[in-house]
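Asks: Read off the chains here:
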Amino acid sequence: MTRIHALVFALCAALAGCGGQAPSFNGVDLTGADWGRGFSLQDPDGHTRTLADFRGKYVLLFFGFTHCPDVCPTALLRAQEMRKLLGADGAKVQVIFVTVDPERDTAALMREYTAAFDPSFLGLRADAEGTKRVASEFKVFYEKVPAGASYTVNHSALTYVFDAQGRLRLALQHTQTAEQFAADLRTLMKQSS
Amino acid sequence: MQRTLIASLFVLAATSALAQVTVKDPWVRATVPHQTATGAFMQLSSPADAKLVSASSPVAGVTELHEMKMEKDVMKMRPVPGIAIPAGKGAELKPGGYHVMLMNLKGQVKEGDTVPITLVVEGKDGKRETVEVKAAVRPLNAPAGGADHGGMHMKH
Numbered sequence: 001m002t003r004i005h006a007l008v009f010a011l012c013a014a015l016a017g018c019g020g021q022a023p024s025f026n027g028v029d030l031t032g033a034d035w036g037r038g039f040s041l042q043d044p045d046g047h048t049r050t051l052a053d054f055r056g057k058y059v060l061l062f063f064g065f066t067h068c069p070d071v072c073p074t075a076l077l078r079a080q081e082m083r084k085l086l087g088a089d090g091a092k093v094q095v096i097f098v099t100v101d102p103e104r105d106t107a108a109l110m111r112e113y114t115a116a117f118d119p120s121f122l123g124l125r126a127d128a129e130g131t132k133r134v135a136s137e138f139k140v141f142y143e144k145v146p147a148g149a150s151y152t153v154n155h156s157a158l159t160y161v162f163d164a165q166g167r168l169r170l171a172l173q174h175t176q177t178a179e180q181f182a183a184d185l186r187t188l189m190k191q192s193s
Numbered sequence: 001m002q003r004t005l006i007a008s009l010f011v012l013a014a015t016s017a018l019a020q021v022t023v024k025d026p027w028v029r030a031t032v033p034h035q036t037a038t039g040a041f042m043q044l045s046s047p048a049d050a051k052l053v054s055a056s057s058p059v060a061g062v063t064e065l066h067e068m069k070m071e072k073d074v075m076k077m078r079p080v081p082g083i084a085i086p087a088g089k090g091a092e093l094k095p096g097g098y099h100v101m102l103m104n105l106k107g108q109v110k111e112g113d114t115v116p117i118t119l120v121v122e123g124k125d126g127k128r129e130t131v132e133v134k135a136a137v138r139p140l141n142a143p144a145g146g147a148d149h150g151g152m153h154m155k156h
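Chains as they are written, first to last, in the numbering used here: chain A, 1 to 193; chain B, 1 to 156.
Keep in mind that the hints were calculated from the coordinates and are not lab data.
Heads up, the beta-carbon is just placed ideally off N, CA and C, and yes, glycines get one too.
One or more of the hints may lead you astray.
To be verified - Selected chain A positions facing chain B (Cβ under 10 Å, derived; list incomplete):
#1 P69
#2 N154
#3 L158
Assemble the whole structure, with the sequences as input and the hints as a guide.
Replies: Structure (structure tokens):
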């Protein structure tokens, strides 16, 4: 009996600060990952931005392109809804949209596109090489696919979440809702408060 | 006698079925300046099996039928030769599935505008006909669901 108690206690302590239950996330817990450590990309004003610039904020990072009719606007819309669901804490979240189609997604287009969802959202880009680099750092797959006279870009649709210390913590899936996103952000915020 | 009448009515219904392909709730996602592609979504229904085989619009240089699929967290989009409209069941073109892809846009597609789209529908007998659609332009950040879920568009 005491043994079981001790075991439960040890498990509990190991799992969390144990205010009751272990932290559980809707997304995939990436805490401790040795990849996705940072980025160096251009904002629409042409300034270089790195993950360190957003210390103190919870960063939501995902990849896409503006000529995407479906997944990308849905991801941006979900981020917008998630910020609303978080209420005042929404201001602690920085949403970053990185293009995998720098050829068509110019700085001006990135600015207009993200602003159509939320003026606080940031659209970042790089040249072809830089895009390759950041995609590989985040294990993001993307490929140009011809479509008619033009092309489309198949790409990973995960959303990464960094905590306020700039550590990669979670990957949320495209099938998850704004409510599930918000719940995970709340859990993260609670942990560090 | 009555039987023949019913039978001929069926034939009549079958031949005129194509004319009965109906389109509900067509909409196009607005674009920002310089954005040259967007998607159109709608619900198609038909009393007889039919297939949407192509679409065109004066606002786009190229119009294709596309399917979006998630494969292991990777979004894949590909042109499809047609979208089946099963009798009575219909087909829904919505975010997360099929859409009419409008590419090489000739200008910005603004919220509140109407985009004309011509659909080419094929019946089981291979006969084709066109259906004219006037799609409303919804904001870029319109939710994925139909109008029923688009809280922004509902007036209570």
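Asks: Now look at each hint and say whether the structure bears it out.
Replies: Outcome of the hint check:
1. For P69/A, the interface hint holds, the least distance from its beta-carbon to any beta-carbon of chain B being 3 Å, beneath 10 Å.
2. For the restraint placing N154/A at the interface with chain B, the shortest Cβ-Cβ distance is roughly 5 Å, inside the 10 Å limit, so the hint holds.
3. Residue-level restraint check for L158/A holds (minimum Cβ-Cβ distance to chain B is 5 Å; threshold 10 Å).
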